[in-house]
Amino acid sequence: MRLPETRDLFARKLEFPAPRSEVLETVGDTELSPPDGESTTIRAVVDRSDIETFDSADDLYDTLMMLVGAQFIGRRYYDDRGGMPGDEENEVSF
Numbered sequence: 001m002r003l004p005e006t007r008d009l010f011a012r013k014l015e016f017p018a019p020r021s022e023v024l025e026t027v028g029d030t031e032l033s034p035p036d037g038e039s040t041t042i043r044a045v046v047d048r049s050d051i052e053t054f055d056s057a058d059d060l061y062d063t064l065m066m067l068v069g070a071q072f073i074g075r076r077y078y079d080d081r082g083g084m085p086g087d088e089e090n091e092v093s094f
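Final position of the sequence shown in the UniProt record's numbering is 94; the numbers increase by one with none missing.
Honestly, I wouldn't trust all of these hints.
Claimed, not checked - Here are the computed distance ranges between Cβ atoms for each label pair: (1) Arg81 - Glu25: 41 to 51 Å; (2) Arg81 - Asp50: 34 to 44 Å; (3) Phe16 - Asp36: 25 to 35 Å; (4) Arg81 - Glu31: 31 to 41 Å; (5) Glu52 - Arg81: 32 to 42 Å; (6) Arg81 - Thr53: 36 to 46 Å; (7) Pro19 - Ala44: 11 to 21 Å; (8) Ser33 - Asp59: 19 to 29 Å; (9) Thr26 - Arg81: 35 to 45 Å; (10) Arg81 - Lys13: 33 to 43 Å; (11) Arg12 - Arg81: 35 to 45 Å; (12) Thr26 - Asp50: 14 to 24 Å; (13) Asp62 - Glu15: 13 to 23 Å.
Worth flagging that the hints you see were computed from the coordinates, not collected in a lab. Beta carbons are placed, not taken as given, at the ideal position from N, Cα and C, and that holds for glycine.
The whole structure should be built from the sequences, with the hints applied where relevant.
Laid out in structure tokens, this is it:
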């Protein structure tokens, strides 16, 4: 499952507020597929947190977003607005 799809999964499968144990039992074994790299499970990501109760699907999703590894970021340091970090002398302002 792709990370953006998890919010809908949480809303369908869980009742909030949801205790950590219920989250892990209900959706913990769901595999998350990153755009690049090795997949992981929701359980592995939630285990990095000390949160005991999730107030909403958005709260759980935000926790996942904060704790997933670099493989979920996509193209690291990519900026479609032009320039590279530290390239201020070629900066263009409109």
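Outcome of the hint check:
1. Range check, Arg81 to Glu25: about 43 Å between beta-carbon atoms, so the 41 to 51 Å window is met.
2. Checked against the hint of 34 to 44 Å, the pair Arg81 and Asp50 passes, with Cβ atoms roughly 36 Å apart.
3. Take Phe16 and Asp36: their Cβ atoms lie about 31 Å apart, and the range 25 to 35 Å holds.
4. Between Arg81 and Glu31 the Cβ separation comes to about 34 Å, which falls inside the hinted range of 31 to 41 Å.
5. Look at Glu52 against Arg81: about 40 Å separates their beta carbons, and that is inside 32 to 42 Å.
6. Taking the beta carbon of each, Arg81 and Thr53 are about 39 Å apart, inside 36 to 46 Å as hinted.
7. Separation of Pro19 from Ala44 is about 18 Å and conforms to the stated range, judged on CB atoms against 11 to 21 Å.
8. One distance hint, 19 to 29 Å for the beta-carbon pair Ser33 and Asp59, holds here, with the actual separation near 23 Å.
9. Against the hinted window of 35 to 45 Å, the Cβ-Cβ separation of Thr26 and Arg81 comes to about 40 Å, which satisfies the hint.
10. At about 38 Å, the beta-carbon gap between Arg81 and Lys13 stays in the expected band of 33 to 43 Å.
11. At roughly 36 Å, the beta carbons of Arg12 and Arg81 sit within the given window of 35 to 45 Å.
12. The hinted window of 14 to 24 Å between Thr26 and Asp50 holds, with their beta carbons roughly 20 Å apart.
13. Between Asp62 and Glu15 the beta carbons are some 18 Å apart, a value that agrees with the proposed interval 13 to 23 Å.
Every hint, counting from the list given before, is met by this structure.
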